[in-house]
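Those protein sequence lines, which keep their order, are chains X and D.
Just so you know, we're using my numbering here: the first sequence kicks off at 1 and counts up by one.
Just so you know, we're using my numbering here: the second sequence kicks off at 602 and counts up by one.
Keep in mind that the hints are not guaranteed to be accurate.
[Unchecked claim] Part of the chain X face toward chain D, derived, beta carbon under 8 Å:
1) Val-44
2) Thr-97
3) Ala-105
4) Ser-264
5) Thr-267
6) Ala-322
7) Ser-448
Rather than coming from a laboratory, the hints here were simulated on the basis of the structure.
Glycine residues also receive a C-beta, built at the ideal position from the N, C-alpha and C atoms.
Spelled out, the chains give:
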Amino acid sequence: MAYTDNFPQRPVFQADFANGGRIDPRATFSRADTPPTYAAPSAVHFWSNEKHLSSENLTTNSDDLSDWGRIYMTRTLSQVGPDGSSNAAKLTGKAGTVFKAIYNATLANTSAQTISFFAKEDTHRYIQVSVNGDATKFVNFDLNGSGAYSANGTGVTASITPSANGFVRCAVNLTLPNTSAYISLQDSLSAAREATTASTGSIYIFGAMATTLGDATNVVAYQSSGSQISRSYAPTLKSVATAGQPRFEYDPTDGQSMGVLIESQATNLVTYSSDITQSFFTGFRSTQESNVAVAPDGTLTADLLREDSSSGNSHGVFFEYASGGTTAQTISVYAKAAGRNHLSFRFDTTNGVFGSDFVWFNLSTGAVGTTDSDITASIESCSNGWYRCIATRTALASANGRIVLYLADADNSTSYDGDSYSGVLLWGIQAEANASHASSLVSTSGASATRAADSLSVATADLGIASGQDLTVIVDGVAEQKAGAALLGFDDGTSSNYARILRHSSNNYTFDVRTNATSQAVITAPNSSSDTKFAFRLEQNNLGAVAGGGSVNTDTSATLGLTNIMQIGNAYWGVQANGHIKRVALYGEALSDTNLQALTS
Amino acid sequence: MFTDYYLAFPDKATADSVLYTDTPIAWDNTDPENPVVTETELRPNFRNLDVLPLVVEQEGQYDIETGEELVAPVYSPLYHANVRALPGEDTSALEAYAVTPNTPARVWA
């Protein structure tokens, strides 16, 4: 067919996955998911354009409560807190038998919330949390030893748990009337509400938090606030709402639409992806606290890995999984600093699967630190302090391999003095065998789980395209740097006839054509790791390929085979792109080199 | 809709014979009337096929401090695979190897 440099006809098929957010009815998308239920949401996840409340502290100056009002109390700042800092305060009763308290009006909120703080007995033992405006609701705490409490009032729950440096963490969950909350000195665990006291004793206090997240049983990890309340929203890593739902993803860092995600089948070999308190994990010189922070999916399911007080030693947790062969193994973990800013992975020598290789991640700066040479690592921001830490290493044996997650006090260090307070929040732990990249999270709860592959295709006959007709296809997307990762392909369901755009482990993209089981042409495109527009012209003895508006590479000796299906994000003899496809446009004609360049620039 | 099969084969060879088809991928076309297959590869018979590694029947025990193995895990001697069969896929050959585990080692997401 002859062509000109005139602007081409309208494409016979045009799919804008990035902006349209839907699948053209002429195309078929499928992924064999287990249907989700309310009780069991899908294990298949994607980055949505929705946001959730990620963390919240409705108090101000929460470390030392320096702006809280005082009633017959003196306050001394710069005291040692449970975290070892000098940010705690000392509260001392003044002379006189009166009600002695501190209070904060910004706690006022008519919804259920949890008030928590760290407190330590000095020369005074008992304290009380009460709310102004509801005489029935108050909780007394005994700060001595590991602590005790007495909760009063309908719907009031409380807890007290030992922390570091002699502190306990007190928590009260209740529905506040629209007024202030008080922390007062009391004389016993059975003291009446807002009773008077003659005590001139003192307590230490640190880290007050009021939040609508969590409750007295699952007390949310402390989030410091300054002169303003702290409330952060973050993009949501959602699980699909319906089985086989296409996943249109948005970048969690800037909200930009990335297109439709096409992934190959993947298995998470970690049997409890978001519960490090399960026996699948073994902690050492650490404690594991379940459901203490909002995870990237917006649920209160993130766990805290907290160091103990051991000196000059390592602190962490490990797990084992079957490597399944001497292939690339990829470990990924969503993590957020909670006192410790560094997390390290170790590919352990157990059973000879790995060679004791380390990598460090900085959860404060979002950077990969020291990395042993056998490891490839990356870190991805998920907003509000959450990062996905990813490391890949080739297994040396097919056996149970051990992965150790260390808390770290600095880059390239795993041995230090623990403080019983600091740690890292963990969620979405994934181990993938025979995988050189981290695929989207497959959540698990009791057994390893496999996500089926995505499939997106169009029967070209449905577009009015005859088999073997001249074509030009424009595709905007990115595929994984991996052998045979396909952006797009045409085929007839056999290995005899196809035309494909592939990316390779060498980072090249190629355009190749096979007709009647004989290779016709392989055209190399420029390297590109980010999403790029590619164009591929399929015309007898006049193949043309271009990327990003660059020069057009051609092949003038090629016979076209008969194809009848266009696969998007996949191709015959290829594998899924493991990446995003933003747009596809298919023209039922061979376009000129000039047009190919214009349409891809 | 699909149908899930948990499969336990006596060995890998049996599993391969049921789960894959040896498919020609290259031919010698010297005689166009009688092409000769020169290369084949195993193609899965099912789009959603998941071959499991060794399945642990009894967990091992390890020293928490040193990580040393105290009691070795016990593995199943069988060869396991999961198939999520789609409509139109012929599953008749799977029936003989289908099992119903109380606690599957792996599930479909």
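Results of checking the hints against the structure:
1. Val-44: Since chain D brings a Cβ to about 5 Å from X:Val-44, closer than 8 Å, the hint holds.
2. Thr-97: violated, 53 Å
3. Ala-105: Status violated, d = 48 Å.
4. Ser-264: Hint violated; X:Ser-264 Cβ to chain D Cβ min 11 Å, cut 8 Å.
5. Thr-267: OK, holds: X:Thr-267 within 8 Å of chain D, min 7 Å.
6. Ala-322: holds, 4 Å
7. Ser-448: Hint on X:Ser-448: holds, closest Cβ of chain D at ~5 Å, below 8 Å.
Comparing the model with each numbered hint stated earlier shows that hints 2, 3, 4 do not hold.
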